[in-house]
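> Going down the list, the sequences are from chains A and B. Under UniProt numbering, the first residue of the first sequence is numbered 1, with each subsequent residue one higher. Under UniProt numbering, the first residue of the second sequence is numbered 1, with each subsequent residue one higher.
Simulated from the structure, these hints should not be mistaken for lab results. These numbers come from a predicted model, not from an experiment. A few of these clues could be false.
Repeated chains share a single entry, so a pair holds when one copy, or any two copies, can fit it.
Here are the simulated DSBU-like cross-link-like pairs (lysine-lysine), alpha carbons at most 30 Å apart as the crow flies [as the list claims (entries may be wrong)]:
1) Lys-169 to Lys-249
2) Lys-169 to Lys-241
3) Lys-204 to Lys-238
4) Lys-249 to Lys-238
5) Lys-91 to Lys-169
6) Lys-178 to Lys-7
7) Lys-30 to Lys-169
8) Lys-169 to Lys-238
9) Lys-12 to Lys-125
10) Lys-241 to Lys-178
11) Lys-268 to Lys-173
12) Lys-241 to Lys-173
13) Lys-173 to Lys-249
There are 2 protein chains.
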Amino acid sequence: MDQLMVKNIVKKYRRTTVLNNISFNLEPAKIYGLLGRNGAGKTTLLNIISNRIFPTSGEVQIGGESINDNDELLNKIFLMSEANLYPREMKIAQTFDLADVAYGNFDYDLADRLLTAFELSGNAKVTNLSTGQRTASKLIVALAVNAEYVLLDEPILGLDANHRELFYKELVKSYQEKPRTFVLSTHLIEEIQQLVEHVLILDKHQIIINDDLDDLLARAHAISGPAKLVDEYTAGLKVLKSESMGNIKTSYVFDHLNDERPIPDQVKLDHYDLQHLFIYLTDGGAY
Amino acid sequence: MDQLMVKNIVKKYRRTTVLNNISFNLEPAKIYGLLGRNGAGKTTLLNIISNRIFPTSGEVQIGGESINDNDELLNKIFLMSEANLYPREMKIAQTFDLADVAYGNFDYDLADRLLTAFELSGNAKVTNLSTGQRTASKLIVALAVNAEYVLLDEPILGLDANHRELFYKELVKSYQEKPRTFVLSTHLIEEIQQLVEHVLILDKHQIIINDDLDDLLARAHAISGPAKLVDEYTAGLKVLKSESMGNIKTSYVFDHLNDERPIPDQVKLDHYDLQHLFIYLTDGGAY
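Excised from the complex, chain A in its bound form (with noise of 0.2 Å):
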């Protein structure tokens, strides 16, 4: 399987920069988080890797060739987003018939096992459907797919808690049965850390994270205890917040940490989560 390449991707709705020069490569057989703020540009981002929209300027590529025009690589991006793209009238088992005509080899295997675990009929119009239904039946799609990029914009809309981890599961068991490419674009970021591999964050119209997990993570420590000693501690360390009650402060220190440097006895040192250092990195830009 062939690199994804998003390639200085500039989107401009007449004076309004959308995306302003995004550039960052989607590796085969991996797991990506796809984070930002409401309006950061997410959807747009995803429909113009699907080639759903237009970039102004820039290019997606796929192994060095553009995807534009290109049908043969074009059947290896699925996109599954908020739009209904169906006919009113259409059944959800119709829906997997469309994907088996565009992408060919749909599994119907497991979308019927997805079916009664979601509680779903294949009769049901897509019209019909409850937002949680709706949500369910295309991530049914999504997963069955024959595609080795496959786009998820707010995969969870509307699910409850319940299914969401029925999501979970089903999305890392067929990713371990067959590997391919995710991106999952959504807010429930505490719920997604278990599952991503990469974090890509889009702020302000551009990329400012693109690192695995495991290294951003390895640079989130939260320190607190007496002001001073902490402030002695963290010089020098790159602070994305800090708060304080009383004479206790605690810093959010998004670095590696300088091992020689001695902690004090009353200063304690902690992780803190994806979810945390994604609403650091982006209230009011400390980044």
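The hints should help you fit chain B onto chain A, whose structure is shown.
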């Protein structure tokens, strides 16, 4: 402040029973989580408590009196819901005035501060807002309205992680300054675990859990080790779910442990969280 009592509420639509004899109390100045799967009847229940729809039988009381047709009592209850009840041309600031007229003493200072925090303008028309912005504008009303019982149905719909964190912080702050009762009905159980004191779980149209969070979590034990030892240790305890990998078994217990029973060296005791407790309780009806 008086207790709110939900007494033997039944709600039927034709032959479908949505709520099957629901009874519980809401204490003054307490934060509740109302949890349930999609379709469990949470929204119907909240609509009945706030007198937007009528039960088939049963009654909601405050201080022993029925709220039905009692304006004084109804003015103690506010429901923030997904439904859009405002006229299309209404501006956010006008929704504040409506809440002031209906409930009196609207906290305009708080509302102004929250408008800035959520990056909204009071002049924006409700109909032009994105889902996340509309949710934020409703949350501002819910936090600034003068009501003793504030019911929040899906309060975080469409909010990004930053705005969810902002809401949780402002809720706690507002609650500390002016203690009153909040009921949070949401699918993001992991996130509200830090906020709620008491948990109500609605499953298959009945209340199956009505307990303080601490009491629930004190009974949630994950017990793992060699299958034989785990089975011996958990004999007689309520086990909600078990998973096995090779000879290693993990059983999710929902029970107080018998402290007199010795724990074998190879068996590991852990806790699990509210979201998983909810999933195990409502998946297939182990309870």
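> Hint by hint, note whether the structure agrees.
Now the hints, each set against the structure:
Taking CA atoms no more than 30 Å apart as the test, Lys-169 paired with Lys-249 passes between copies only; the shortest distance there is 18 Å, against 39 Å inside one copy. Taking the shortest Cα distances, Lys-169 and Lys-241 sit within 30 Å of each other only across copies (16 Å), while inside one copy they are farther apart (34 Å). Taking the shortest Cα distances, Lys-204 and Lys-238 sit within 30 Å of each other inside one copy (20 Å), while across copies they are farther apart (50 Å). In the homo-oligomer, the alpha carbons of Lys-249 and Lys-238 lie at most 30 Å apart inside one protomer (16 Å), although the nearest pairing across protomers, at 43 Å, exceeds that limit.
Taking identical chains as interchangeable, the C-alpha atoms of Lys-91 and Lys-169 lie at most 30 Å apart only when both belong to the same chain, with a minimum of 26 Å there against 43 Å between chains. Within a single copy, Lys-178 and Lys-7 get their C-alpha atoms as close as 27 Å, which meets the 30 Å cut-off; across copies the closest is 53 Å, which misses it. Taking the closest pair of Cα atoms, Lys-30 and Lys-169 come within 30 Å of each other only inside a single copy of the chain (16 Å); across copies the shortest separation is 35 Å, beyond that limit. Taking the shortest alpha-carbon separations for Lys-169 and Lys-238, only the inter-copy value of 25 Å comes in at or below 30 Å, while the best intra-copy value is 36 Å.
With identical chains, the CA atoms of Lys-12 and Lys-125 are at most 30 Å apart between copies only, with a shortest distance of 25 Å across copies and 37 Å within one. Taking identical chains as interchangeable, the C-alpha atoms of Lys-241 and Lys-178 lie at most 30 Å apart only when they sit on different chains, with a minimum of 28 Å there against 41 Å within one chain. In this assembly of identical chains, Lys-268 and Lys-173 lie within 30 Å of each other by CA distance solely across copies; the values are 26 Å between and 38 Å within a copy. Taking identical chains as interchangeable, the C-alpha atoms of Lys-241 and Lys-173 lie at most 30 Å apart only when they sit on different chains, with a minimum of 20 Å there against 37 Å within one chain.
When the C-alpha separation of Lys-173 and Lys-249 is checked against a cutoff of 30 Å, the pair qualifies only between copies, where the shortest distance is 20 Å, while the shortest distance within a copy is 43 Å.
Violated hints for the displayed structure: none, as all numbered hints are satisfied.
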